[in-house]
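Peer 1: Here is what each chain is made of, one letter per residue.
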Amino acid sequence: DAGVTQSPTHLIKTRGQQVTLRCSPISGHKSVSWYQQVLGQGPQFIFQYYEKEERGRGNFPDRFSARQFPNYSSELNVNALLLGDSALYLCASSPGGNSNQPQHFGDGTRLSIL
Amino acid sequence: AQSVTQLDSQVPVFEEAPVELRCNYSSSVSVYLFWYVQYPNQGLQLLLKYLSGSTLVESINGFEAEFNKSQTSFHLRKPSVHISDTAEYFCAVSRGSNYKLTFGKGTLLTVNP
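The listed protein sequences derive, respectively, from chains A and B.
Under the working numbering, think of the first position of the first sequence as 1, with each following residue one higher.
Under the working numbering, think of the first position of the second sequence as 1001, with each following residue one higher.
Heads up, some of the hints might be wrong.
[Claimed, not checked] Restraint ranges, calculated between C-beta atoms of paired labels, are given here: (1) B:T1072 with A:R15: 40 to 48 Å; (2) B:H1082 with A:D62: 24 to 32 Å; (3) A:K13 with B:T1072: 25 to 33 Å; (4) A:A80 with B:S1054: 22 to 30 Å; (5) A:A80 with B:S1080: 35 to 43 Å; (6) A:K52 with B:S1054: 15 to 23 Å; (7) A:Q17 with B:G1053: 46 to 54 Å; (8) B:F1014 with A:G16: 30 to 38 Å; (9) A:N59 with B:S1054: 33 to 41 Å; (10) B:H1082 with A:A80: 26 to 34 Å; (11) A:E75 with B:H1082: 37 to 45 Å.
[What the hints assert, rightly or not] With a straight-line cut-off of 30 Å between C-alpha atoms, the simulated DSSO-like cross-links for lysine-lysine are: (12) A:K13 with A:K52; (13) A:K30 with B:K1049; (14) A:K13 with B:K1105; (15) B:K1069 with B:K1105; (16) B:K1049 with B:K1069; (17) A:K30 with B:K1105; (18) B:K1049 with B:K1105; (19) A:K52 with A:K30; (20) A:K52 with B:K1069.
[Said to hold, decoys possible] Chain A residues, not near chain B, derived (Cβ > 12 Å throughout): (21) K13; (22) N71; (23) E75; (24) L82; (25) G84; (26) D107.
If you're looking for bench data, these hints aren't it; they were derived computationally from the structure.
Note that the structure is predicted; figures quoted are calculated from it, not measured.
Note that beta-carbon positions come from the ideal geometry of N, C-alpha and C, so glycine has one too.
With the rest of the complex left out, here is chain A:
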């Protein structure tokens, strides 16, 4: 079975631009979470979606937004990019609901801001 897939794998943008990152969860998983991992740090929680509803939001500015589609895939959007947004963006999926299954991560999208 395919794992969590993310696209693109790498992306270069300039300050002020907008970016959209995409994530396809493991088949059957209904919950998707996004994390930002700055170089040398642990991942920081950005958003969680379950059954297309936002379930949680981390301490990130409103420039960050996300949504989940009926097929449970998800997009993360970042507007007005800053140099500090350079990071590895990780998507994780889990079954959701009452399942005790842990979150499984994709390989991430590496975003570089020039």
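Keeping the supplied structure of chain A fixed, place chain B upon it in accordance with the hints.
Peer 2: Quick look at chain B alone, frame taken from chain A:
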């Protein structure tokens, strides 16, 4: 609020030596605990988890971790490491499998020949 402290940012060891990566957490509620491993230019892979039951949990590649509630710790151990174990290891906590993960800053394990 939850937090995770990984006490060592880097741990260098020789091949076949034992290793312990330390993790302490703080939380006002019952928690689930995880260790993830990250190889260069890759995402996170789940190494092992504690949800409930036995406080000693094991992975398929020889790692084990013990949940100690009184010391709020979840240290990762391996009796004999291999070169291929070189990676970044992250301890994480959540209040449920379907809730956000709070990660430590990571420990870079470097296994030298």
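Peer 1: Indicate, hint by hint, whether the structure satisfies it.
Peer 2: A quick look at each hint next to the structure:
no.: 1; hint: B:T1072 with A:R15: 40 to 48 Å; verdict: holds, 42 Å
no.: 2; hint: B:H1082 with A:D62: 24 to 32 Å; verdict: violated, 46 Å
no.: 3; hint: A:K13 with B:T1072: 25 to 33 Å; verdict: violated, 41 Å
no.: 4; hint: A:A80 with B:S1054: 22 to 30 Å; verdict: violated, 49 Å
no.: 5; hint: A:A80 with B:S1080: 35 to 43 Å; verdict: violated, 50 Å
no.: 6; hint: A:K52 with B:S1054: 15 to 23 Å; verdict: violated, 37 Å
no.: 7; hint: A:Q17 with B:G1053: 46 to 54 Å; verdict: holds, 49 Å
no.: 8; hint: B:F1014 with A:G16: 30 to 38 Å; verdict: violated, 49 Å
no.: 9; hint: A:N59 with B:S1054: 33 to 41 Å; verdict: holds, 35 Å
no.: 10; hint: B:H1082 with A:A80: 26 to 34 Å; verdict: violated, 46 Å
no.: 11; hint: A:E75 with B:H1082: 37 to 45 Å; verdict: holds, 39 Å
no.: 12; hint: A:K13 with A:K52; verdict: holds, 28 Å
no.: 13; hint: A:K30 with B:K1049; verdict: holds, 21 Å
no.: 14; hint: A:K13 with B:K1105; verdict: holds, 26 Å
no.: 15; hint: B:K1069 with B:K1105; verdict: holds, 21 Å
no.: 16; hint: B:K1049 with B:K1069; verdict: holds, 15 Å
no.: 17; hint: A:K30 with B:K1105; verdict: holds, 28 Å
no.: 18; hint: B:K1049 with B:K1105; verdict: holds, 18 Å
no.: 19; hint: A:K52 with A:K30; verdict: holds, 8 Å
no.: 20; hint: A:K52 with B:K1069; verdict: violated, 35 Å
no.: 21; hint: K13; verdict: holds, 19 Å
no.: 22; hint: N71; verdict: holds, 19 Å
no.: 23; hint: E75; verdict: holds, 18 Å
no.: 24; hint: L82; verdict: holds, 22 Å
no.: 25; hint: G84; verdict: holds, 17 Å
no.: 26; hint: D107; verdict: violated, 4 Å
Of the numbered hints listed earlier, those contradicted by the structure are 2, 3, 4, 5, 6, 8, 10, 20, 26.
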